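Taken in sequence, the protein lines are chains D and P.
Each residue of the first sequence is one higher than the last, beginning at 13 in this note's numbering.
Each residue of the second sequence is one higher than the last, beginning at 786 in this note's numbering.
Rather than coming from a laboratory, the hints here were simulated on the basis of the structure.
One or more of the hints may lead you astray.
[Stated by the list, open to error] Covered stretches of chain D (chain P as the covering partner; in silico rule of three or more C-beta atoms under 8 Å from a C-beta of chain P):
(1) 187 to 201
(2) 217 to 227
(3) 322 to 332
(4) 370 to 383
[Claimed, not checked] Computed spacing ranges between beta-carbons, pair by pair:
(5) G187(D) to C1520(P): 26 to 36 Å
(6) I1849(P) to R211(D): 43 to 53 Å
(7) R365(D) to L1357(P): 22 to 32 Å
On a predicted model such as this, the values are computed, not experimentally measured, just so you know.
Each residue gets a CB set at the ideal place from its N, CA and C atoms; glycine is no exception.
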Amino acid sequence: MWGPALGLPPRLTLSVLGPGRCCILGSGASMRKDLRGRNRRGFSDFHPQPLSDLDCEESPSWVSKSRSEPTRHVTSKKLAKALVGTLLGHYRPSRQLLLECNPGPGILTEALLKAGAKVVALESGKTFIPHLESLRKILDGELQVVHCDFFKMDPRNQELIRPELSSHKLFQNLGVKAAAWSAGVPLKIFGILPSKYERKILWKIVYDLYSCASIYRYGRIELNLFIGDREFKKLTATPQRPDLYHVLSVLWQVACEIKILRMEHWSSFGLYTESGHLEKSKRRDPLHQMHQNLHLVRMTPRKTLFTENLNPINYDIFFHMVKHCFGKRNAPLLHHLRSLSTVDPGDILRQIRRNPGETVLRMYPQDFKRLFEAIEQSEETVFKWVYDESLDDIVI
Amino acid sequence: MSALRWGRGAAELGRTLRCSGRPRPGTEEGTLGGLWGPRRSSSISLCEQDGQKDWGHAELLEVLEARVRQLQTESVVDTNTKRVQGAQPLQGHVCSHWEKKLEAERHGLQQRQEVLQGKRPVGLQSLTLRLEPRIWSKKLAGCLQHAKPEAPGNPSKEQLARALQAALQKLGTQEARQPVRPKAVETHILLLGQRLMHFLQCCLVTGHLPLAHHVLVTHHSKRDKQQLLTLDMYNTVMLGWARKGAFKELVYVFVMLKDSGLSPNLQSYAAALQCMGRGDQDVHIIQRCVKQMVREGFQLEQLFTDLALSEEERAVLLRALVKVEPAFSPPVQAPTPTNTSPLLREIYAKDIPVSYPKLHLPLETLQRLFQQQLQVELSTNVRVQSVEKAPQMTKEVTEARKILQSLRTQWEAELLRALQQTKATMASEAHDGLPTLYPFLCLLSEEELVSVLMQVLQALPPQGQPLLFLAHNLGLRVLNRHLVQQKQGGSYVQELSQHYSKYLQLLAANTQVSSSYLPRQYWEALGPPQAPQQQPWALAVVLQLGKELAELLVRAVQMPRSLAAPQGACRLIPVLYHVYSFRSVRQVGILKPHPAFTQLLEMAAEPTLTFETTEVPMLCPPLPWTSPHSGAYLLSSTKLMRAMEGTTQHQHLLEQCPPEQLHGALDALTQLGNCAWRVNVRVLDLVLEIFRAKGCVRLGVPPPRSEAPQPLQPRPPPDSSPVHKAELRKEMARCLKAAREMHSLRSEALYRLSLAQHLRHHVFWLPHNMDFRGRTYPCPPYFNHLGSDLARALLEFAEGRPLGPHGLDWLKIHLVNLTGLKKRESLHGRLAFADQVMEDILDSADHPMTGRKWWMEADEPWQTLACCMEVAQAVRAPDPAAYISHLPVHQDGSCNGLQHYAALGRDSIGAASVNLIPSDLPQDVYREVAAQVEESRRQDAEEGLRVAQVLEGFISRKVVKQTVMTVVYGVTRYGGRLQIEKRLRELSDFPQEYIWEASHYLVRQVFKSLQEMFSSTRAIQHWLTESANLISHAGWPVEWVTPLGIPIIQPYHREAKVQVKGGIQSLTFTSSVDTNQKPNTLKQKNGFPPNFIHSLDSSHMMLTALHCYRKGLTFVSVHDCFWTHAADIPVMNKVCREQFVRLHSQPILEELAEFLWVRFCSGASARSLKRSDLALIAKLQETLQSLPETGTFDLSQVMGSTYFFS
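Bound-form chain D, shown alone (with noise of 0.2 Å):
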């Protein structure tokens, strides 16, 4: 070994590596300073800060930023009678668990176990519990409310969080048994994405799901989740609209199959403040994304996403490819697997028939699965990949 100022980093700190290994929640600096405007346009008039905290700030993540956020829950009763029949299907109500998060005034909730469905409420705001307590007691029915929240349970990088309760814990309780990947949809978990967060959570539940872990761990679990248009469109795009084909589409539409139940428009959903008091979308000016409509999308994980060559062990490389050809979109395949793999490009794309000229653009997500497989299998070499775990920063 020579030179071992190169091993070890200089004494400098470009900014661009960051602190070292973020989770895919992090949060940045500019939020910290935003937080720290809202809080003293929202509260300096009744809460006027200390002296000594004048230098000892709370530093608040992204956790306790969204507190602030107003949330969105289903307030009509025509919609919760609607959502009824699309999320209980033809089942026999009662054989099915129905996980649903968020429930906030509960009226969703009410429908569902008028319906006859089994219900556990996952509700991040304490100020709700009460109202679902009570709710349970009125109308006698298969209800339980845990206080936690669903959107940020197991986060990848061991933050604490708050209410601190695991995927683990909260299946444990509700006595919820851990079927294998080939059997039927265990339980159905129906949510609407914070909008402000929603490809945080995207992305999240996608790890989740290709390294089996989390609500993963108990098998197929089928998400109904109402998602913005944005998201939803990126979700859902294929290579023929190019602009909005991305690294979150071809992992997801490997992953699940996808189904677009219905579409709402924003207005039919109440904005909750903490205090969980119902906000005019008047008085306060909406953001721009809640001018969105909200589509339902029932999310499956496949029975065939994992094979031989593409399972929890590497899914990471399968990961790092589709985001390295994403990196930059309009480079031939070729040049990207130049970067991405040891093995000769120019065999894998004849294998999998393609020309070496193609970009991103002409392969369809199942496309990349293949593609990837066809180096997993390759022979040719020890080593098939150039992808160090280094490389990513998905924390286990």
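Chain D is fixed; fit chain P onto it per the hints.
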């Protein structure tokens, strides 16, 4: 009618033209608008209107004008010039295509001329370089052209003189109209300018002056490119010609400079005069030049005082000046005045005779050591034998080494070829007028560049390295090597040797020199050799060069697909891969070696490590610090103040401040660096034994890779479920992560131990420099006394001192301190304890690995062991008082930050808790805080607070210690909570579900009780924060001067993204270095209190160091931990306390307030400020006036406090 008016307008315009300047980069006018100067008189606008009417006329004129210009440059007199001039304003927008055409034609002609004159530079045969500029100002162009009617392109002397005269003349009218340099220039313009400037400088250095001139001319001749040119660029090229005595070329540049509307500065005149001095010019020209210079407000003396000139240049300059003024003699350099700081009065007092300590080595030895160090630095790197256990020389290992060797030979050849190709391309691009990297690639010989590349390739870690780092590293290596080589040229090395050997007379043990000189003073008195002027490059340029070289590596280095197969039989594949890594939202380009290559390296297990010279301690006493950039290593450049790469503002401050102001810091650093060290061989042997075996985590010896955890089941059975595979992966990832961490720890230890082994039989020195707050650090990174317990235990003083009457006691106390067992005992108690466990101590010393291993349980086991050995030897010596001890004994400040705060605020309660007041037993602030927190917890628990009840029995000193310690240095509640959370997690019986709440609760309590105990601390912190807040909001970074006189500026600015484009990937880095950038208010504000306190503790340390030196002590420090020989502890303790009292007897806060007032408030009204800024200033004034109130603590009590530093 209109023609008549037009004529008049033209005449007027002609006049305006003559005196209008040209806008500099960044002024509002666009390129074309700028053509005619920023100011237009009303008469011109009139004529403009007319011109628009007569458009056809104008077009004709435009053609004529362009033709005239062409003829001018072809050196033909055109009598119509004056008439056509008037048409110029009319054709500003339409003339471009004509100009282009003619430009091309002219260019061709010029080339032909140059060919004829045989002026083409050597090595660039097929291309010609431009010499003659295109002059935009009619008058200047006229002069230049008048100058050479008979021989185109080859003007006679007088004609040149006339041209120069004309250029000088114009100054009179232009003086007052200097365009104001705009404040903020766009980043990319700035970058382009930087790049061009470095290009020109580099051309000068590498002897490509004609190329520099060519590029300058090319830029000057194009309006859009001309904007980039600055005065410094013209001056640089001019200086180049001046050094060669090339008068004609110099005049061209001077005329260009004038032509672009700039006014020459002192440097320009110096260059011109220098050239005249060389060329033996006519007296009149020199006179003219001098006269104009004086008219511009420069004095002749300034040429010698304000500019950095070499001896030879001064002589030449003087020759020129004496011609004009025979009586002139350069001002005698006034001796630097002595430092006037009251704190340093004693140090620099001339009347008290003192004898500073000498080194323990004789002159001859030191001279030999100097030669050794010089050889090391000349050879640019040091090869060190690795202490890793050598592999068994199996067939595979030999085979791997053989393959590696043959591959390297191939790569070197391939790299050389690729490098030559790149250079050729770049050279031809440079001839198109682009400031390429060509001269940079010429800095080092091709072989040397290749060897740099090979070294970097070798050291690339298996997981790869961001291209940004690699490029930076490569660029810096080239720069550093070049700087060393520059010093090698000429007579510098020889002069240095001579001076150094005289200097050693002061330090050596066996010489007689009146030693009332400090080393720096002596060095300066010797009249030290002048090092060549060296300018570091801008970060962007470093990166650009580095990236080019990195790309060369990627392109050129290849290996056969299968290493086993006979070479040449199979296809080649690249060794390096350019991959993107995805980190959160960022995408980072990484160069990663092929796994097979990594495997080959591992298999070969080559036994040598290569270090840069600056990474290895010095073998002779470092050069004394004499200025912000000279000192420490003999040839390698070291900065007095270390900082983020590319930061310049503190350098400016340091250079601006009067030299005597820095003397305190320079002398303190010199003295710290002059301490001679040696390796504690016995400890090293024990460590190596463990290191080569399995390591030991508890003792801080990292285990080898073979000890890394292995996954239980490497391959899953084929039919296992996805969940099972996920589990397996998790375990694999865990193992991999552990292995990685182990690997990096192991390599660090390997470097440290290998260096220790390398220096085993040597005496060595650790040169020091400081950070931007004045805290001092040793320069060599891997092996120094600042590191972990293990690192410190490996070092001892090279010079021994007899223990004397109390030395043994201090050794024993030190030993007990290191164990951490008796923190609350008095010194007597500790001493008694040492005697009590003497048997364990002796056992540890005699049988460290086989005995009772008492030392292993200590807080600092290795230092404890070293101390045990020393104590054992001392007690067994016939006369312990005469035993020569080499072991450094430490005295630690107890919570030093709070000590400074308490002293600043004269806070009695606070002072008592951090041992500023004498007491029988050491006070422990952490325990006190813990007690107070416990008290309020008890109250809360009684009131039924759940979390307070849960915490019962868990609040200990350990839980709060880190937070208390760091609060002084500005830890926030957020950070404090994380620290406490970590401590609570370590408690196995603490109910983990309460961690969040409990840590939140505790951090609040800790802050509260600190606020109560250190009320004045909070007030001062608040005052500092508030001032910084106002200053930074008004748009300045916070600055201050330490009591010792070091100017400090906080380098926190809002970051600007800078991009280096092109090649395999654009490199983006954030730079927070430009002085024009706005400060980052949050960082300025939060950073001020801790940085200020650090500047105080560093001042205290430096004062102690200087006064200890005066008393003949060996002294080194690790910030607030002071080291000396056991015998000298009482003296050091006394000095330490005295200096603390002296320091805080100064009106520190008052002086700070006054400084800030003068710097930021006074003159605020003169600056045109916005109303909001004025309000901020007013508020700042108010804050600065209301200093925090101080308490009643009597500072002199510190003198009697035993546990102040203990």
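Verification of the supplied hints:
no. : hint                            : in the structure
1   : 187 to 201                      : holds (count 3)
2   : 217 to 227                      : holds (count 3)
3   : 322 to 332                      : holds (count 4)
4   : 370 to 383                      : violated (count 0)
5   : G187(D) to C1520(P): 26 to 36 Å : holds, 34 Å
6   : I1849(P) to R211(D): 43 to 53 Å : violated, 29 Å
7   : R365(D) to L1357(P): 22 to 32 Å : holds, 27 Å
In this structure, the hints that do not hold are numbers 4 and 6, in rising order.
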